[in-house]
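Chain A is already provided as a structure; the job is to place chain H on it using the hints.
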Amino acid sequence: MNLIDIDGSDASKYRLIGDRVLSYRFAVPHDEELFLGEILKITDSVKGLTFFAKVSDLLHDCNFADPNWDTRPHTEHFYGIGEDVFILVEALPLGYVGVDGAFRKPRTIPAKFSRVERPGSDDFAFLRQVMGDIEVGVMKTGQDVLQDVQVALPSAVMRQHMGIFATTGMGKSNFMKVFCASSMQARAFGLLIVDPHGEYVAGGRSSSGKETRGLLHYQAGREGLSVFSTRSEQFRKKYLLEQLYLDHDDFRAPDLLLLYEHSPPQREVVEMLESTPGSDVIDFFQKTDFATFDAETYSGPHPRIARDLKNFSPSTLSVMQRRIMGMMNRNRGFLRKRGSSIPEIMKALHKNKVVLIDIPGMSEQSELFVLSIITRKIMRNHQGEGGEEEPKQVLITIEEAQRVLGSGPGSTQIFREAAMEGRKFGVGLCVVTQQPKNIDARVLAQLNTFVVMGLSDRGDRDTIASSAKQDLSRLDTEIQTLEPGEAVISTIGIPFPVSTRIHLFEDYIQDLNERPRAKPIDDGLDKTF
Amino acid sequence: MDAKTLYQDAIRRVAGRIRESAPEDLVERFSACSGFDASSYCFCRPEFDGAVCAVDGSNTIVLDAGSFAIAAVRASVSAYTGSARFCHRTTPLHIVTVNPGTGNEDFDTLYYDCFRCPPKAHLNHDDPVRNTAVIRDTLEYWAAMEMAAELDAGDLLVLDGTLQVRHASHDEVIERLLNLCNLRGVLIAAVTKRTSLTWGGGHPIVPAAEGLARELSVREPWYLCVSAAEGLIDREEARPWKQRGEQYVTRLHPRAQRAFKVEIPKYYGPDNVERVFSALASFADDGRVTGYPYPLLDAHLTTKIGMDAVDQVRRDIIRDMDLLGMTYADYTGIFGDYHDELDRY
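Residue numbers (this note's numbering), protein chains in the order written: chain A, 7 to 535; chain H, 63 to 407.
Any given hint could be a false lead.
Stated by the list, open to error - Derived DSS-like pairs: lysine-lysine, alpha-carbon spacing no greater than 27 Å straight-line:
1. H:366 <-> A:118
2. A:357 <-> A:293
3. A:19 <-> H:182
4. A:353 <-> A:430
5. A:244 <-> A:353
To be verified - Some residues of chain A that are not near chain H, with every Cβ distance over 12 Å (derived):
6. 14
7. 78
8. 89
9. 103
10. 147
11. 222
12. 240
13. 304
14. 327
15. 344
16. 370
17. 482
Honestly, the hints are just simulated from the structure, not real lab data. Backbone N, C-alpha and C define an ideal beta-carbon position, used for all residues, glycine too.
Looking at chain H on its own, in the form it has when it is part of the complex:
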């Protein structure tokens, strides 16, 4: 088989798989499989009298030596009431080393700084990017705890992601966060920009729920509890510490580009659920990202570690290496690889 045919076959195969996951009759199948009808979709008024506080984090690998990497991590919060931002905060930019294999001193230290106790599980991933994401989550959860302690009853705390944790050390942290919110009457929700949730053996859940709403002419903003249908969702995680919330699909504005998934604690009654979605919908009218809660975008823009910041960190590291008597040749010897050479061509 020649290269062209090989390539075309691969493309055809991939397209076929996409078609399989989203067949022509996806909506009909979803309707039959879930039993959802128009009454399953709940309307929420885009009105909210409280504050919405969003938490987001950012992480990036600054330098990679192969045997270890250096990453920059931070988390930020942005809180709005009405159209005005009343809180705009960030953690310092943390520079940490992330190494494949067992244990990470920087993670342990940072975790202790945040929660005044050592992590229950060490950072043992082989992938430095995954390790960095765990460190970022640590900062995000800590920032969320700080804000949960400050917000008033009835306000909403929004996390970027899910209520599931990606590292065992965060299990008790999220429990504490949920308890704190519950105790203080602060609502909490996790917004996922892109979800891996599927149903019926691999069909994506968001396009199916959105397609059915369209077919049923459901008026926005709406939300649908997809985890309410018994056995609908494919990927129930095996480990119970990862399961904390009900899964919802929502579309918050008639002009929204797309629907997305929201996770809300299982124990919320219908009034609290509606209040959560009303709060999200009331901030989903920004012209730039219509349909997406603006405080989350603001937190995202605040926390994003751009190339400028990365370059600055690199320069600062080189400067301090110089103070330790190391040369630029030492720097390139440790952190340079042939990718840099290849990138020039």
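Okay, chain A solo, but in the shape it has when bound:
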């Protein structure tokens, strides 16, 4: 006869006890430090598979039959609480790696009691095969990051549009600058970005007041950047920036729809003049006195326009005249009769550069005006390309996109057109917004890459979850608790939504500047031979 020491080790923790293929469950000690979003590895030694799952919920649980054991008053002390009290972890399956090393979606379930553990960087080797070439950060698991697992968006899917969703202060500008720097390095597509705040070129101050650096500070990637600016000549010369010009022929009447509210007759005027060259429209409205205007007796240089507008009342035409004059006046810094930067912009985009339109101090209307014109030019250019060749890829960034891609009446035809049809012409939109719920659902449905930073509004999160191609609904708590500089990224190619700590731009460009540059294959031949 003997008294046997009971084994104090606890096999009931960190082993799979869930019963569903789409939701894993296991217990961990009641005082374990585990975080939402943490990625765990589940080793199924029976089938030789390694599963990965992301912690989606944590709840206290116990083995006691009494449901009120922990709520009675004056029960502050408990002996041996760790044996029967534990944290129950709900985890979202991400997929599994088979013996062939390939990652697959979680269509099977790990064996009962498979061991659950924290993975190391080596466990994510499979991700390197699927990550893209536009590096934006490192993979985050719970509160920590896996420094060796870089998160990179595939440039090949940029034409399939991208959405960046974040409230103020969550690191949206930092993300955009990191994205630009990586695009400057990769040179895999042209990226257009219009900056009315002047913070992207040489830095400025973040929303938290901290001093930031600009894209020009990424010296090693300078060749991948073209800046068209409205700044002073001195500034432009100092940093080798191009001057931004748009000419009257770049303008089309529908551009006015972005700038003003229009009554139905005014909208008809715009539609009537849609295909008329901008220089003619401007010239006609500059030189015509609508108090005495009569289409029948008009003898100026634009009789066709006069004929088209003959049925409109003088007051409508006067309003249109005032608006065109206002538009001219507001944009006189870069809008001129002849000589446009558009061909240079197009050339730079087709050389897969980041094209920054730097218009500091300009109004919101000027920003939209420029963006509308360039977007239209890009679309028409790509639509006209045709041919056998794969079209060049261009990604157009639209900040505060709810202004032009809302669900209201179609005042933003060109952006909508780019969203709906741009993909087949190699034109993608990078939709940046704080209010995804105010973006037209049909536009959201076109986005194939989602970068979701902190969103506190439930409606916004629901909109995102219902639009993303991967299931983000169960990451709702994680999205809600994202800290500044963190994002959940869902894109084609990467098999599951990846929690990411976005690189800090200043650190990232320092790292990029210090990285040895890839040398062309013929570099050094002169010296050798």
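Same frame as chain A, now just chain H:
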């Protein structure tokens, strides 16, 4: 008399008997009969510098063939010092046959394994459940002896139940246990969750003692030696080998659900008695069973033979019957009865 009236009369009669055993003036009567007053209740500080080791056992009938039954039995110990458990042990799960009538080979063997001598009395109960309880007691006493030999002087060994034995074969065992504890300076006490002790011709002792304490505003934790009042307790067992301890009622925590009975060897002086109750009270602060010494709950949870274990034993028996060429029909022929059939409906 119709069925409803018959039933209602029976309920009324039973309620009347309960009222008789616990009359409205129970506390006054208890006070008068016992002579207890506030000074009879002793306060103990819930502080203890030693270890408390609890022993508990568990038994369950796994299969019942009518002519014999198969039972599972084990005992476990759980010892704490401060808030930490330092000893957590169990006997193997013993599977024994228990048959009504004279003698039980498994009991004799197990008893010999434990104490290296044959039992002085055979297991002759007709009830297999009672037989199983005796086998469980055997394991409990043996486990207690093992721990009594290990604990330090001043530590407390707590048994679940009483210092009375239910089978004559255990008489000398408990004597040896008490002697060993006495020799080594280890304190011993038996905690009873539910007692049959009565006073005044059938009144339960615990509610009476607890009610009087409440009326006298006695501060917890307290203990009261109910066997100190001459002739108070009704049921003095006739056989002297069943009598070893003083009977106490105690309430160990202000938030305790109820008081309970503790039995302590008769020869303990007041200091040792107070040390016993201080030790019990110091472990009576667990939030789940406030007022009950936690090491006993831990030992209970450790030793409990649940349905899972019973099912496993049944499956193992079926497997080994199969190896002997028996079929499932043989199994149900021996152990099945119409209860199983009826349970399906």
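Each hint, compared with the structure:
Straight-line distance between C-alpha atoms of residue 366 of chain H and residue 118 of chain A comes to about 26 Å, which keeps the hinted pair within the 27 Å bound. Between residue 357 of chain A and residue 293 of chain A the CA atoms are separated by roughly 41 Å; this puts the pair beyond 27 Å, and the hint is violated. Pair hint residue 19 of chain A plus residue 182 of chain H does not hold up; C-alpha atoms about 48 Å apart against a cutoff of 27 Å. With a C-alpha separation of about 20 Å, the suggested pairing of residue 353 of chain A with residue 430 of chain A holds against the 27 Å cut-off.
The suggested pairing of residue 244 of chain A with residue 353 of chain A holds, with an alpha-carbon distance near 23 Å, which does not exceed 27 Å. Not every Cβ of chain H is farther than 12 Å from the Cβ of residue 14 of chain A; the closest lies at roughly 7 Å, contradicting the non-interface assignment. The beta carbon of residue 78 of chain A is not kept farther than 12 Å from every beta carbon of chain H, the shortest such distance being approximately 7 Å. Once the 12 Å rule is applied to beta carbons, residue 89 of chain A is inconsistent with being away from chain H; the minimum gap is 9 Å.
Residue-level check passed: residue 103 of chain A sits 35 Å from the nearest beta carbon of chain H, beyond 12 Å. Against the 12 Å criterion, residue 147 of chain A stays outside the reach of chain H, whose nearest CB is about 34 Å from its own CB. The Cβ of residue 222 of chain A lies farther than 12 Å from every Cβ of chain H, with a closest approach of about 63 Å, so its non-interface assignment holds. Every CB of chain H lies more than 12 Å from the CB of residue 240 of chain A, the least distance being 75 Å, so the non-interface label holds.
The beta carbon of residue 304 of chain A sits about 94 Å from the closest Cβ of chain H, which is more than 12 Å, so the claim that it is off the interface holds. Every beta carbon of chain H lies more than 12 Å from that of residue 327 of chain A, the smallest distance being close to 82 Å; the non-interface claim holds. With a closest Cβ-Cβ approach of about 85 Å to chain H, residue 344 of chain A is found to remain outside the 12 Å limit, as its non-interface label requires. Every CB of chain H is more than 12 Å from the CB of residue 370 of chain A (nearest about 61 Å), matching its label as outside the interface.
Look at residue 482 of chain A: its CB is around 34 Å from the nearest CB on chain H, clear of 12 Å, so calling it non-interface holds up.
Violation of the numbered hints given earlier is confined to hints 2, 3, 6, 7, 8; the remaining hints are satisfied by the structure.
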